[in-house]
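Enquirer: The primary structure of each chain is shown beneath.
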Amino acid sequence: MGMPVAVKDNICTADAPTTCASAMLRDFTSPFDATVVKLLNNAGAAIVGKTNCDEFGMGSLNINSIHGPVVNPYQPHGQSTLWEDRERRAAGGSSGGSAAAVAAGMCDAALATDTGGSTRLPASYCGVVGLKPSYGLISRWGVVSFADSLDCVGVIGKDVVSAERVYDALAQFDPQDPTAIPESTRTRAHELCSHHMFPWVSAVQNSLVGLKIGIPQEYFPTSLEPSIVAPLRRVLRALKGRGATLVPVSLPNTSYALSAYYIIASAEASSNLARYDGVQYGLHVPPPPDALPSTPAETYAYSRSAGFGAEVKKRILLGTYALTADAFDNYFLKAQRLRQLIRDDFHRVFAVPNPLASASAPPTSAPDGVHVLLHPSAIRAAPRLDQAAALAGSLDNYVQDVLTVPASLAGLPAMSVPAGVVEAGAEGAGWPVGVSVVGQWGCEAMVMRVGKVIEEVQRENA
Amino acid sequence: MLTRAAPWLSSSKQNASRLAHTLRPFHEDPRWPGWQVVVGIEVHAQIKSRAKLFSHARTFQQGDSPNTQVTAFDAAFPGTLPRLNPICVELALRTAAALNSGIQTRSTFDRKHYFYSDLPAGYQITQHYEPIAKGGSLDLAQSGVCVRIEQIQIEQDTGKSTVDPRRSASAIDLNRAGTGLMEIVSKPDMRSPEEAGEYVRSLQAVLRSIGSSDGNMEQGSLRCDVNVSVNRPGQAPGTRCEIKNLNSIRFMMVAITSEAGRHIALLDSGNRVNQETRAFDENTGETYRLRTKEDAPDYRYMPDPNLPPLLLDPTFVARIRQNVPELPAQTRMRLLAQGLSQRDVEVLMAVDSGKEVGFDGRLGHGAVAYFDGLSRSRDPRVVVNWMTNELLGQLSARRLSFHDNSISLEQMGDLIDMVQQGFVTGSTGKALLRHMLDHQSPETPRELAEELKLLALHEPDSLEQHCADAILALPAEADAVRQGNLNVLNKLTGRIMRATRGTANAAAVRKALERLLRPS
Chain A
1 MGMPVAVKDN ICTADAPTTC ASAMLRDFTS PFDATVVKLL NNAGAAIVGK
51 TNCDEFGMGS LNINSIHGPV VNPYQPHGQS TLWEDRERRA AGGSSGGSAA
101 AVAAGMCDAA LATDTGGSTR LPASYCGVVG LKPSYGLISR WGVVSFADSL
151 DCVGVIGKDV VSAERVYDAL AQFDPQDPTA IPESTRTRAH ELCSHHMFPW
201 VSAVQNSLVG LKIGIPQEYF PTSLEPSIVA PLRRVLRALK GRGATLVPVS
251 LPNTSYALSA YYIIASAEAS SNLARYDGVQ YGLHVPPPPD ALPSTPAETY
301 AYSRSAGFGA EVKKRILLGT YALTADAFDN YFLKAQRLRQ LIRDDFHRVF
351 AVPNPLASAS APPTSAPDGV HVLLHPSAIR AAPRLDQAAA LAGSLDNYVQ
401 DVLTVPASLA GLPAMSVPAG VVEAGAEGAG WPVGVSVVGQ WGCEAMVMRV
451 GKVIEEVQRE NA
Chain B
1 MLTRAAPWLS SSKQNASRLA HTLRPFHEDP RWPGWQVVVG IEVHAQIKSR
51 AKLFSHARTF QQGDSPNTQV TAFDAAFPGT LPRLNPICVE LALRTAAALN
101 SGIQTRSTFD RKHYFYSDLP AGYQITQHYE PIAKGGSLDL AQSGVCVRIE
151 QIQIEQDTGK STVDPRRSAS AIDLNRAGTG LMEIVSKPDM RSPEEAGEYV
201 RSLQAVLRSI GSSDGNMEQG SLRCDVNVSV NRPGQAPGTR CEIKNLNSIR
251 FMMVAITSEA GRHIALLDSG NRVNQETRAF DENTGETYRL RTKEDAPDYR
301 YMPDPNLPPL LLDPTFVARI RQNVPELPAQ TRMRLLAQGL SQRDVEVLMA
351 VDSGKEVGFD GRLGHGAVAY FDGLSRSRDP RVVVNWMTNE LLGQLSARRL
401 SFHDNSISLE QMGDLIDMVQ QGFVTGSTGK ALLRHMLDHQ SPETPRELAE
451 ELKLLALHEP DSLEQHCADA ILALPAEADA VRQGNLNVLN KLTGRIMRAT
501 RGTANAAAVR KALERLLRPS
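In the order they appear, the protein sequences are chains A and B. Counting from 1, one number per residue, gives the positions in the first sequence under the working numbering. Counting from 1, one number per residue, gives the positions in the second sequence under the working numbering.
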C-alpha cells in the first residue's frame with residue numbers, strides 16, 4: 001500500500017524495541033514481529049516508527065509513560081502555530097502517540113490498541129479517525145496483553161479511508177491467536193452486514209433513507225460538557241437531512257459497565273503482568289546486599305516495585321484482590337454476569353443478528369432495531385496537560401470511560417470520527433470533538449460507511 | 001455463563017463423600033491395630049506428545065541441554081499466546097476412556113497463580129473449574145480393590161529450578177516448562193501402602209498400554225501427591241495430610257507408612273492431626289511439614305481469557321472410546337485364553353511394562369506384540385516357549401533388554417518353523433538363535449543353516465551310511481550292542497552326532513543303529 005504507518009509501542013517488532021512505555025521493558029526487544037506487523041509489511045506499508053503510549057495501555061491521557069506525556073499536536077487546517085506558542089493539551093490515551101503521529105501528519109495511519117477506549121479517545125482528542133474493530137477479527141499474536149478478553153488492535157487514520165485500508169490488510173484469521181474468529185463466522189458476519197446495508201447503501205446518491213441510527217440515552221451523562229453536544233447535534237441534523245432515521249434507544253445496563261470493566265480488566269492485568277519478574281527478560285533489580293529474600297516472590301518484588309509505574313501497580317493490586325478466593329464470587333463472577341447483561345443490551349437494539357450467537361440460542365436481534373448507534377466519543381475535548389495529572393485521579397476521568405467501555409465489553413466495532421470543534425467561548429474552544437459509531441459484531445463495513453458520511457457532512461459544513 | 005464447581009460446598013455431596021470411605025469392609029492391619037489408614041492419590045503423568053501442550057516446542061528428552069526446547073511462549077515473552085495441541089487432548093481422552101471416566105463435552109482452562117522461578121508466566125494453565133473428565137475407576141488385580149477416579153484434568157508442567165546454595169542462586173531450565181500433564185485424582189479408596197503401590201503400578205501399565213504417557217517415575221514423567229489420614233473403624237475419616245511430589249513407588253509406600261504412624265502416634269498421645277502439606281525426606285524415610293492449612297497459598301484461579309472452552313463433538317468422543325488400545329487386563333485374559341500359562345503371561349507382560357512408548361499415541365512394540373505377531377499362524381504355546389525360554393534367556397545372558405532384540409519377527413518365525421518341520425533339530429535351532437544374536441544379519445535362518453551346513457539329515461540312506469561308518473570304526477562296541485548291551489548304543493550315537501555336527505536327529509540315529517545291529 002506504500003502508506004507510512006506508525007506502530008504503538010505495545011506491539012512487538014523484531015527490529016525495534018517494544019517498551020510498552022514501562023521501565024520494566026525499557027531495553028526489551030521482542031524476538032519476533034507481531035502478526036499485524038508482518039501483515040503491514042506484506043501489504044507494503046512503510047513502518048515509520050514506534051509510538052508512545054500509557055504504560056501497558058493503562059490510562060486515558062497518555063501521561064503514564066517513561067517516555068513522558070504525549071502533547072496533542074492538533075492544529076486547525078492551514079494553521080501553523082509554533083510548538084512553544086501552542087496550548088499544551090493531552091493527546092488522550094492510551095494510544096496517544098499513535099493518534100498524535102497521525103494528527104501531526106507524520107504518517108497516514110497508526111496501529112493502536114483498545115482495551116476500554118484506548119484507540120477511540122485519543123482519536124477524538126486529536127481530531128483523527130480511531131477504529132476499534134470487533135474482538136477476534138485482528139490477530140493479537142505479538143500484542144502485549146493488558147486484558148486478553150478485551151484487548152483489540154485498533155487503527156488510527158487521518159481519515160476513514162486510511163483506517164479502512166489498514167483494517168482490510170489486518171483483518172485476517174491467524175492460527176497463532178486462539179481467540180481469532182474462524183473464516184466461516186467472518187463470512188457469515190459479512191453476509192449479514194451486507195444484507196442489512198443493502199437498502200440504504202443502494203439508494204440514491206447521498207441518500208441515507210433506510211438507515212436507522214440509535215441514540216443511546218445513557219451516553220449523555222451529566223458530566224458531558226455542553227460544548228460537546230453542539231457539534232454532535234450538527235452531525236445528527238445533517239444525517240437526518242439525508243434521510244436517516246434517528247431512534248432514541250436505551251441500553252439500561254450501561255451504568256454497570258464501568259465497574260464490570262475495571263474488575264475484569266484489572267483481574268486479567270494482574271494475571272498477565274505476573275510474568276514481569278526480571279528473570280527471563282526485562283528490568284532486573286537484584287535485592288540489596290543486606291536483604292535476605294526467602295522466596296522467589298520476595299526477590300521479584302524488587303524488580304516489580306521498580307519497574308511498574310503507579311497506575312499499573314494500582315490496577316495489579318485491584319485485580320489481585322478481585323481474584324482472591326474471598327472476593328472472586330462477589331467481584332469477578334458478578335462482573336462476568338454484568339458483562340453478559342451489557343452484551344444482551346446491544347443485541348436487543350441492533351437490527352443485525354449477532355453472528356457469534358450459537359445456532360441453538362434464540363435470536364436476540366430486533367427486527368425493527370437500529371443499524372448503528374451514535375454517541376459522543378468523549379465527555380469533553382482534550383484536557384490541558386497541566387490539569388491532566390489532577391484529572392487522572394478524579395472520578396470524572398473514570399466517567400469518561402462510560403462512553404467507550406461498553407463496546408469493549410461486548411466486543412463490538414466502534415469508531416470515533418471527527419465531528420468538528422468546540423465553539424468559541426467554551427472551554428477547549430477550537431479543539432476537536434469526536435462522535436462514535438458502534439455496530440453489531442462484524443459490521444465494520446457498516447460502521448465505516450456511516451463514518452464516511454459523517455466526514456462528508458463535516459466537509460459540507462466547513 | 002461461568003459457574004464455579006465447588007462440590008465441597010454442597011452438604012449432600014460432602015456427606016456422601018464422608019461416608020464413602022466406609023463402603024469397604026474394615027480389615028485390621030497388624031501394623032495398625034484398631035486403626036484404618038485411608039489413602040488417596042493425585043498422579044501427574046506427562047502426556048507423551050511430541051510437542052508441548054500450548055507451544056510447538058518439542059517435549060524434552062533425556063540428554064537435551066538446558067533451555068534448548070523453549071519457544072518465546074514457554075518463556076512467557078510478552079505478546080505470546082497459547083495454542084492448544086490437539087494431540088494432548090486426544091491422549092487425555094484416551095486415558096479417560098481407559099479409566100471409564102465421564103468425558104465432558106465442555107471443559108475449560110483456568111490460570112493458577114503463584115510466583116516461582118520455574119513458572120515464567122506467574123501462572124500455570126490448568127482445568128480447575130471444569131475438568132475434561134469426571135468419575136471412573138481402576139481395578140487392582142492383586143488386591144481385588146476398585147479405586148474410583150474423581151477427575152482427570154489437563155495442565156502445564158513447570159520448568160525445573162535447581163538451587164545452588166553456595167552461590168545462593170537458582171539455575172532455571174525451561175525445557176520441561178509447558179509440557180502437557182494429566183492430573184488423575186483418585187478417591188480415597190486405598191487402605192494400605194501396598195494398595196497405593198498397586199494402584200500406581202496399575203495406572204502406569206494402563207497409561208503405557210494406551211500410549212498416553214510413559215509413566216516413568218525415575219525420569220519424573222509420573223509423580224504422585226498422596227493424601228493420608230487415619231480413623232477408628234466405622235468412624236468419620238481423620239484429618240488428612242498431603243505428601244507432595246513422591247517420585248518412586250517405594251518412597252511413596254515408605255512415606256504412607258511413616259505418615260500413618262505419625263498420625264496414630266499423635267492421636268494416641270491425645271494430640272490432634274493438623275491439616276498440612278508435607279514432603280518426604282528420602283534419607284530419614286519420614287515426612288516433614290511444608291505448610292499448614294493457615295498459610296496455604298491463594299492461587300487466584302481465573303478462567304484463561306485466551307482459551308475458549310474446549311467443546312468436544314460427541315461423535316469424536318465416541319470414536320476415541322471405540323479405539324482405545326487393548327488394556328493390560330484385557331491382554332492378560334486374551335493370552336490366558338490362547339492357552340498360555342499364568343507364568344508365561346506374567347513374563348511377557350513384565351517384559352512389556354518396560355517397553356518404549358511412542359510419541360503422539362503411537363503404540364510401542366513390546367514382547368506381547370512380538371508374541372502376537374509370531375503366534376498368528378503358529379501354536380501359541382510353542383511360540384511362548386521359544387520366547388520365554390530361549391529368546392529372553394539369551395538376551396538376558398547378554399545383558400540386553402527386549403528392546404535390544406535384533407531378531408526380526410520374520411527371522412524368529414522362520415526359525416520356529418524350521419524346527420517344527422524338522423529341517424533343523426531343536427538344538428541346532430537354539431544354536432542358530434545364539435548365532436543370530438551374536439552376528440546380526442538380515443539373512444533368514446534357513447539361508448544361515450545352509451551356509452553353516454546345519455540342515456538336518458533327512459535321507460535314511462545317508463543316515464545309514466553314517467551308522468555303517470560308526471559300526472566299522474567301533475567294532476567292539478557294535479558287538480556289545482549285538483549281544484544286548486544297549487547302553488553302548490550311546491557311544492555309537494555320540495560318534496555319529498559328532499560326525500554330523502549335530503544335524504542328525506539323535507533318536508533317529510538310535511533307531512537306525514538298532515535296526516542294523518539287532519534286526520528283529
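Treat each hint with caution, since some may be false.
What the hints assert, rightly or not - List time: in silico SDA-like cross-link candidates among lysine to any residue, alpha-carbon distance up to 25 Å:
#	chain 1	residue 1	chain 2	residue 2
1	B	K187	B	S168
2	B	K112	A	V349
3	A	K314	B	G211
4	A	K334	B	L307
Unchecked claim - Going by beta-carbon spacing under 10 Å, a handful of chain A positions derived as facing chain B:
#	residue
5	S139
6	N272
7	Y302
8	S305
9	G309
Calculated from the structure, these hints are not laboratory results. A virtual CB, placed ideally from N, CA and C, is assigned to each residue, including glycine.
Enquirer: Please verify whether K112/B and V349/A have alpha carbons no more than 25 Å apart.
Expert: Given that 25 Å is the threshold and the Cα spacing comes to 38 Å, the pair is violated.
Enquirer: Using 10 Å as the Cβ threshold, decide whether S305/A counts as touching chain B.
Expert: violated, 14 Å
Enquirer: What's the verdict on K187/B and S168/B, does the C-alpha distance respect the 25 Å limit or exceed it?
Expert: Roughly 40 Å separates the two Cα atoms, so the pair is violated.
Enquirer: Hold the hint about S139/A up to the distance rule: shortest CB distance to chain B must be less than 10 Å.
Expert: holds, 9 Å
Enquirer: Please check whether G309/A passes as an interface residue: C-beta within 10 Å of a C-beta belonging to chain B.
Expert: violated, 16 Å
Enquirer: K314/A and G211/B were given as a pair; does the straight-line alpha-carbon distance stay at or below 25 Å?
Expert: Not satisfied, since the Cα-Cα distance of roughly 48 Å exceeds 25 Å.
Enquirer: Between the alpha carbons of K334/A and L307/B, is the straight-line distance 25 Å or under?
Expert: holds, 20 Å
Enquirer: Should the hint that Y302/A touches chain B count as held when the rule is a Cβ pair under 10 Å?
Expert: violated, 13 Å
Enquirer: Taking the closest Cβ pair, is N272/A under 10 Å from chain B?
Expert: holds, 9 Å
Going through the hint list in order, the structure does not satisfy hints 1, 2, 3, 7, 8 and 9.
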